[in-house]
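Order-wise, the sequence lines are chains A and B.
At position 145 of the first sequence (counting the first as 1) the number is 145 in our numbering, and the numbers step up by one without a gap.
To convert, take the position in the second sequence, counting from 1, and add 1000; that gives our numbering.
A portion of the hints provided could be inaccurate.
[As the list claims (entries may be wrong)] Here are the simulated DMTMM-like cross-link-like pairs (lysine to aspartate or glutamate), alpha carbons at most 25 Å apart as the crow flies:
| id | chain 1 | residue 1 | chain 2 | residue 2 |
| --- | --- | --- | --- | --- |
| 1 | B | 1257 | B | 1116 |
| 2 | B | 1135 | B | 1095 |
| 3 | B | 1218 | B | 1148 |
| 4 | B | 1295 | B | 1116 |
| 5 | B | 1092 | B | 1111 |
| 6 | B | 1197 | B | 1177 |
| 7 | B | 1092 | A | 122 |
| 8 | B | 1096 | B | 1055 |
| 9 | A | 161 | A | 178 |
| 10 | A | 92 | B | 1107 |
| 11 | A | 96 | B | 1111 |
| 12 | A | 257 | A | 122 |
| 13 | A | 150 | A | 111 |
| 14 | B | 1096 | A | 107 |
| 15 | A | 161 | A | 180 |
| 16 | B | 1288 | B | 1259 |
| 17 | B | 1096 | A | 111 |
| 18 | B | 1277 | B | 1259 |
| 19 | B | 1096 | B | 1116 |
| 20 | B | 1161 | B | 1177 |
| 21 | A | 257 | A | 235 |
| 22 | A | 96 | B | 1095 |
| 23 | B | 1150 | B | 1122 |
| 24 | A | 197 | A | 178 |
| 25 | A | 272 | A | 299 |
| 26 | B | 1096 | A | 95 |
| 27 | B | 1135 | A | 148 |
| 28 | A | 96 | B | 1128 |
| 29 | A | 295 | A | 111 |
| 30 | A | 135 | B | 1122 |
These are computed hints drawn from the structure, not numbers from a lab.
Given the structure is predicted, the values throughout are model-derived calculations rather than measurements.
There are 2 protein chains.
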Amino acid sequence: MLDVCLLGTGGMMPLPNRYLTSLLTRCNGSSLLIDCGEGTQVALRNAGWSFNPIDTILITHFHGDHVSGLPGLLLSMGNADRTEPVTIIGPKGLEKVVRSLCVIAPELPFDINFIEMNDAEETFIRGDYNITAFKVNHNITCYGYSIEIKRAGRFDPELAKANDVPLKYWNRLQKGEEIEADGRVFTQNMILGPARKGIKLTYATDSRPCPSITKNAKGTDLLILEGMYGEPGSEQRAAEHRHMNFAEAATIALRSKAEELWLTHYSPAMAKPELYKDYVRGIFANTKICRDGRKVTLEFSRDE
Amino acid sequence: MLDVCLLGTGGMMPLPNRYLTSLLTRCNGSSLLIDCGEGTQVALRNAGWSFNPIDTILITHFHGDHVSGLPGLLLSMGNADRTEPVTIIGPKGLEKVVRSLCVIAPELPFDINFIEMNDAEETFIRGDYNITAFKVNHNITCYGYSIEIKRAGRFDPELAKANDVPLKYWNRLQKGEEIEADGRVFTQNMILGPARKGIKLTYATDSRPCPSITKNAKGTDLLILEGMYGEPGSEQRAAEHRHMNFAEAATIALRSKAEELWLTHYSPAMAKPELYKDYVRGIFANTKICRDGRKVTLEFSRDE
């Protein structure tokens, strides 16, 4: 299962009662953060989630509202005596930007591993997180991310017998061990049926609607998209600033057959995004107009 | 008169309901900011004060909790279409630090003038603000600041007559004009009595108690000092981290004959600084244990 918390829902600048857009996930003791704006570390405390288990930080792009909180968060992690390294993944130029911001954090007690991306699509495995980064369409290089938690197939004793796997190894193989014995190598796939549906979350801010989002959001359990503007007819303004509005985000959710859509990254001028709830649900019914700190736990399906 | 708002009262890291320590003053349409940590721009909005009139920013030192909010504030100023320059004053190395932080604010629509200090004491006049910067005693170079609003002498018609100043110039001279006429130069001091007591505010975080603070705080109307630790007996811990505790700050207020002391810059571990109110008032009676957003308007004395 995957715990998800949308720490903030603001775009451009932090406001009273609206932190900048950032996402935190937890899975098996490992936390992953997407973006870190000014105040994200406070939003994290508000959510009641620790920053100690964060070992991966994904950066969408280098606009201030998505990275301005990084040095402060890293300093706070250091003040908590962290020694484990942190991996930061982002567009080309990442290390230069982060090191420049960290002029005020010159002596962190842990290492930072930087992974810079160049390709239109790149994949990474970080513990249980299977990450796909995909380029989106903003006015500077910007990536969206899909995070998948895979789920192994069901134990199949008939398959185990057919593969001639001794009973005494079944338990260890189920736990993922690989066993060499009796001149053979026994692996998990010899006793498990086909992989079952896992959990998938897809996140994209800031971008115009583009094919890479729809493609990567295909069948996602939770799609989180920016909705910089809410009102009908704001498409042109959104296009000028290379953002998308509520209706455009909802259309992507519809086309990609997402289970649920969360909107975020509201313009500071939009005081009440809820005003457009009925309108956007007319396009994609399962849309949530999020406020800071919205949480959900995504579970594996029960029926499989 | 001088409007004063203590935007935040936290040290080390921002917390829910406690912004990082930063001060904003207003005088005759010009605002001055001391330090800018992560979230200071939000604290400023919470206080209901605009950042448009800020034309001077004083930086005490380059620890993250005192400058991490600078790029975000400057970006927000730029987003508000500011074109007027901003002057930032701070220790040697200021421009390098700020430009490094501003990697995420590469295209501000206004200029930044940097003034870097080297001496133990330096003075600046910025509009009505008469600023004295003085080195304090922290683990990196750090300055405290006194801000004085001067007050001209009372109009003295007898003096004007004695100096043979024609009646027709009295009004213009009172407004500060210098007049060349009749082969003579007429100045304000020809018609005004001795300068009256102005307004003085003195601000110092982070520092051990040191002579430069006591000296510059002499007779100040409002003394704002850090109180990193509150409990009696915390002097040793304060000394180890080159901070001061409540009792040490109150002793400085007493010795410098300040009118009033505001405490700020509390350790994140100190949830209830008010617990030490009676204790610290036993040392200096007019001590305020501040919370975020505390405001006062300092007026010229009425009796002069």
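Okay, the hints, checked on the actual structure:
1. B:1257 <-> B:1116: 30 Å, violated
2. B:1135 <-> B:1095: 18 Å, holds
3. B:1218 <-> B:1148: Given pair residue 1218 of chain B, residue 1148 of chain B holds - Cα atoms ~12 Å apart, limit 25 Å.
4. B:1295 <-> B:1116: Violated, at roughly 29 Å.
5. B:1092 <-> B:1111: 19 Å, holds
6. B:1197 <-> B:1177: 22 Å, holds
7. B:1092 <-> A:122: The hint is violated at about 43 Å.
8. B:1096 <-> B:1055: 20 Å, holds
9. A:161 <-> A:178: Holds: residue 161 of chain A and residue 178 of chain A sit about 17 Å apart, inside 25 Å.
10. A:92 <-> B:1107: Distance of about 20 Å is within 25 Å: holds.
11. A:96 <-> B:1111: Judged against 25 Å, a Cα distance of about 24 Å means the pair holds.
12. A:257 <-> A:122: 23 Å, holds
13. A:150 <-> A:111: Outside the cut-off at roughly 28 Å; violated.
14. B:1096 <-> A:107: Holds - the C-alpha atoms of residue 107 of chain A and residue 1096 of chain B are around 17 Å apart, at most 25 Å.
15. A:161 <-> A:180: 17 Å, holds
16. B:1288 <-> B:1259: The hint holds at about 11 Å.
17. B:1096 <-> A:111: 24 Å, holds
18. B:1277 <-> B:1259: 17 Å, holds
19. B:1096 <-> B:1116: Answer holds: residue 1096 of chain B to residue 1116 of chain B is near 10 Å, not above 25 Å.
20. B:1161 <-> B:1177: 18 Å, holds
21. A:257 <-> A:235: 22 Å, holds
22. A:96 <-> B:1095: 18 Å, holds
23. B:1150 <-> B:1122: 17 Å, holds
24. A:197 <-> A:178: Roughly 23 Å between the alpha carbons, so the hint for residue 197 of chain A and residue 178 of chain A holds.
25. A:272 <-> A:299: This hinted pair is violated, its Cα atoms lying about 31 Å apart.
26. B:1096 <-> A:95: 18 Å, holds
27. B:1135 <-> A:148: Distance ~54 Å between residue 1135 of chain B and residue 148 of chain A Cα, so the pair is violated.
28. A:96 <-> B:1128: 41 Å, violated
29. A:295 <-> A:111: 30 Å, violated
30. A:135 <-> B:1122: Violated - the C-alpha atoms of residue 1122 of chain B and residue 135 of chain A are around 51 Å apart, more than 25 Å.
Hint violations for this structure: numbers 1, 4, 7, 13, 25, 27, 28, 29 and 30, all remaining hints satisfied.
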